[in-house]
Amino acid sequence: MIITLNSNPLDISGIDDNVNVLELVNLVEDSLKGSGATVMRVVLDGKEYSAEDTEKLENLKLIDYEKADVISETAADVIQDAFCDSPDILIHLEEVAKNISSELRLGKIKEAMEKYLELVNGLEWFITIINGADLAFAKKMADSSYENERQELISKVKEQISAAEAAQESEDWVGVADIVEYEFCEIFNNGRNFIAKLMKA
Amino acid sequence: MLSDYLQSNLNCLSSYSGVFDFVNKLLKVYNSNNYIVSEAKNGEVTLGFKDSSGRLISYHSKYNPSFEANQVVDNLYEKESHAVILGFGLGYITESILKKLPNKGFGKQLFIIEPDPFIFITALKNRDLTKLLKDNRVEIYLGNDVDSIGEKWNADFDWSVVDGLSIIEHQPTKTRFNQFFSKLMEKMRYLANRSRGNLITLMGVGDEFHRNNFINLPEAFGFPGVERLFDKFIDIPAIVVAAGPSLDKNLDELKRVKDKFLIIAVDTAYRHMLSNGIKPDIVCAADSSYENSLDFVGVEDEKEVILAGELMTHPDIYKIFRGPKLITTFGGGLYPQISNLREPFGKLICWGSVATMAFDLARKTGANPIVFIGFDLSFSDGKLHTKGSYSEDILYEGLHSFSSIENETANYISERGRFQFLDDYGNVVYTDNNMKSYKNWFEDQFQHTQAKIINATEGGIVNKYVVKMTLSETIDKYFDKGCNISNILKETFAYPVKADYKSLYRFLSSMKELIKGFEKKISLVRPIYSSLKERVADREVKEIKGKDSEQLGLVIGLHDQICENSSIIQWFAALNAKYVTKHSLEVIRLRNNANVKIGQWLDVANRLFFAYENFATYQLKLLDKAMFDLSEKYVKINM
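Chains D and P are the protein sequences, given in the same order. My numbering numbers the first residue of the first sequence as 130 and each following residue consecutively. My numbering numbers the first residue of the second sequence as 75 and each following residue consecutively.
Source of the hints: derived by calculation from the structure; they are not laboratory data. Since the model is a prediction, treat every value here as computed from it, not as a measurement. Careful: at least some of the hints might be erroneous.
[Stated by the list, open to error] Within a straight-line C-alpha distance of at most 20 Å, the following computed EDC-like cross-link-like pairs (lysine to aspartate or glutamate) qualify:
(1) Lys237/D to Asp148/P
(2) Lys555/P to Asp309/P
(3) Lys248/P to Asp193/D
(4) Lys393/P to Glu378/P
(5) Lys287/D to Asp272/D
(6) Lys115/P to Asp214/D
(7) Lys115/P to Glu240/D
(8) Lys248/P to Glu240/D
(9) Lys102/P to Glu113/P
(10) Lys124/P to Glu294/D
(11) Lys124/P to Glu300/D
(12) Lys237/D to Glu294/D
(13) Lys237/D to Glu547/P
(14) Lys237/D to Glu243/P
(15) Lys326/D to Glu315/D
(16) Lys239/D to Glu243/P
(17) Lys334/P to Glu547/P
(18) Lys269/D to Glu315/D
(19) Lys115/P to Glu288/D
(20) Lys227/D to Asp148/P
(21) Lys248/P to Glu300/D
(22) Lys124/P to Glu240/D
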């Protein structure tokens with residue numbers, strides 16, 4: 130069988146019938162200590178498995194596969210990947226926001242609140258990747274204009290999440306709808322522009 | 075930029091008389107502290123309301139209120155002909171829907187209900203609502219009294235021309251007044267079912283109602299109105315005698331309170347009472363059918379009982395009844411046109427069962443408590459009615475050698491008795507759709523009646539908002555509240571009836587001329603219709619000019635004149651409600667169709683003309699007979 134790390138051949142001895150995939154992942158993880166990289170996933174004969182799916186990986190015998198490619202990434206890689214995926218995600222979150230606001234204005238509070246959780250999770254993900262921008266784009270983030278813009282975005286997200294929570298507590302559903310439709314959507318739009326600038330520059 | 079638009083809005087509001095007066099009163103105490111008006115991001119006015127706990131609720135978007143309103147309307151309105159808006163706010167939803175609501179030209183189509191009148195005043199002060207207020211399709215109800223709003227809406231709402239009803243809730247208003255709106259919706263659903271029932275009844279028997287009006291008019295115009303009895307029996311007990319099977323349980327008890335309590339009977343219980351030696355003080359008759367008049371056959375010699383009837387009551391009843399007579403009105407028929415020609419009739423509610431009329435009469439006399447007997451509204455003890463009513467006679471007529479009255483009764487109950495209830499004794503009783511509707515109606519009325527309501531039927535299914543007692547217990551408890559009933563009733567007939575027969579004759583004569591006038595115009599327009607049909611039927615209105623356009627204007631103009639004459643249409647609809655309803659819907663569809671052909675309009679007009687001619691033939695005969703009887707009896711007219 131062939132074992133690779135990020136498509137580069139790995140020479141590992143001592144693989145017998147009893148070795149499972151999780152043991153391979155742990156072995157590679159140990160060898161990456163200090164490099165800033167971490168194992169993200171394993172591709173076994175073309176099928177991808179998350180490194181966090183430890184239970185599944187424990188039940189897979191390495192000997193059953195012809196090829197195992199261990200994929201590792203640094204934090205910067207992860208953030209960069211997220212930035213690449215972000216335009217689609219932010220567009221999706223904008224649509225969710227508009228649906229929520231429409232339902233709130235029509236009095237469909239329950240339906241709106243069920244989707245609201247997705248929106249809040251999306252905003253938290255957004256803050257995480259924006260916060261990690263200096264990991265993935267260290268040079269560019271040294272420019273103070275980018276840093277100011279980033280801080281503005283983060284501050285606005287926190288401010289509007291608080292405002293939405295306050296409106297929710299007062300059962301001011303039109304107020305919540307306004308924040309979701311206008312403020313959050315503006316944040317997502319500004320976020321897309323910021324990310325596009327960072328990735329272009 | 076915020077400015078005060080109040081004066082110009084009030085000028086337009088003056089056409090909504092009740093609302094205008096109400097608003098003017100409230101302006102004196104208006105305090106804007108809790109009504110936070112501000113400028114939205116797009117420059118429009120927006121509103122927040124601060125409740126008693128200091129919580130601020132946004133009434134409209136702080137960014138784009140009109141866009142928000144359009145979103146709501148786009149989602150909730152599907153081109154229905156009528157709409158109810160629950161919560162006015164600053165008027166954005168109303169404005170949005172008025173742009174889409176078709177203009178039918180048949181009266182009110184958009185009903186605005188605002189439970190907080192100060193919100194409405196805030197809107198008047200801060201936005202230009204003149205266009206909205208001038209729109210004839212709009213009606214406004216302010217305040218949070220479910221019953222009066224419900225009844226006003228029901229009176230304003232013309233079911234005969236409805237092609238869908240949209241209910242649009244303004245969410246922030248609903249958040250504040252959730253319970254009010256729930257009760258109002260329940261009331262409106264109930265009234266809607268009732269009104270549709272009335273419309274269906276009218277479609278079925280409108281002809282009888284209308285005909286009876288004219289036959290009874292010459293005689294009944296001179297009867298004292300039941301209004302003479304209003305408030306004459308304050309806090310005196312009244313007993314409403316209905317004709318349910320349980321009447322036999324306690325009818326005899328009435329002898330104890332003859333001339334002590336006011337006794338009002340329905341027509342179907344009348345013969346049975348008399349055959350048991352009990353005379354009611356008043357017997358109510360409302361039914362227009364011949365069959366109901368049979369309840370007065372065999373008891374013609376009775377002269378001490380007062381008959382309370384309506385113009386639509388079957389004429390035979392007035393002919394054979396020899397006692398004193400009072401006239402009432404249920405508000406329809408000829409009443410709107412002749413009410414100012416004589417002393418007040420006295421308006422009573424009547425819906426479905428004559429017991430509703432008897433109850434409303436008891437209520438308006440001021441009687442308290444109001445006691446019901448024979449009020450089963452169900453098939454109790456395997457029986458349909460008390461003995462002696464014509465309804466029982468009809469059942470007997472169905473018998474043959476292989477059936478029995480018990481068999482016929484049981485079959486009737488098993489076919490019609492869809493609903494089951496438990497009575498006070500744990501027995502299962504059956505009722506049908508109609509009686510269940512009456513039960514709901516009565517219980518709704520009882521809830522809002524000041525007098526105490528006692529159900530002394532000792533059976534049946536009416537349980538809510540009543541006190542249940544036996545008749546004997548009731549009489550024991552309230553005996554001392556009784557008084558000399560016959561003295562009060564004598565005073566009712568002690569003075570002459572004010573009735574202007576000459577004006578009545580003139581009115582009938584003018585209606586006759588009006589009807590004949592339209593007949594003549596139709597005959598003149600017919601050849602024009604035929605010629606247009608041949609030449610331009612396939613074209614659209616906007617394509618024709620000159621003579622064709624003029625001639626089309628004549629035909630459609632005559633059609634519109636007939637439809638817009640409310641007196642004619644009211645009589646026309648009474649005789650042919652199905653056609654008038656169908657025609658209204660046809661016209662709505664044509665008006666909403668951008669590509670309608672001239673031929674389609676011509677056909678609708680032509681069908682109206684034919685129907686009108688049939689109506690005129692029938693109506694002119696009724697008018698001629700009424701005028702003849704009037705002139706014979708009361709009026710010396712120089713012919």
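Practice problem: State the violated hints by number, sorted upward, taking the hints as numbered earlier in the document. | Solution: Failing hints, ascending: 3, 5, 6, 7, 9, 13, 18 and 22.
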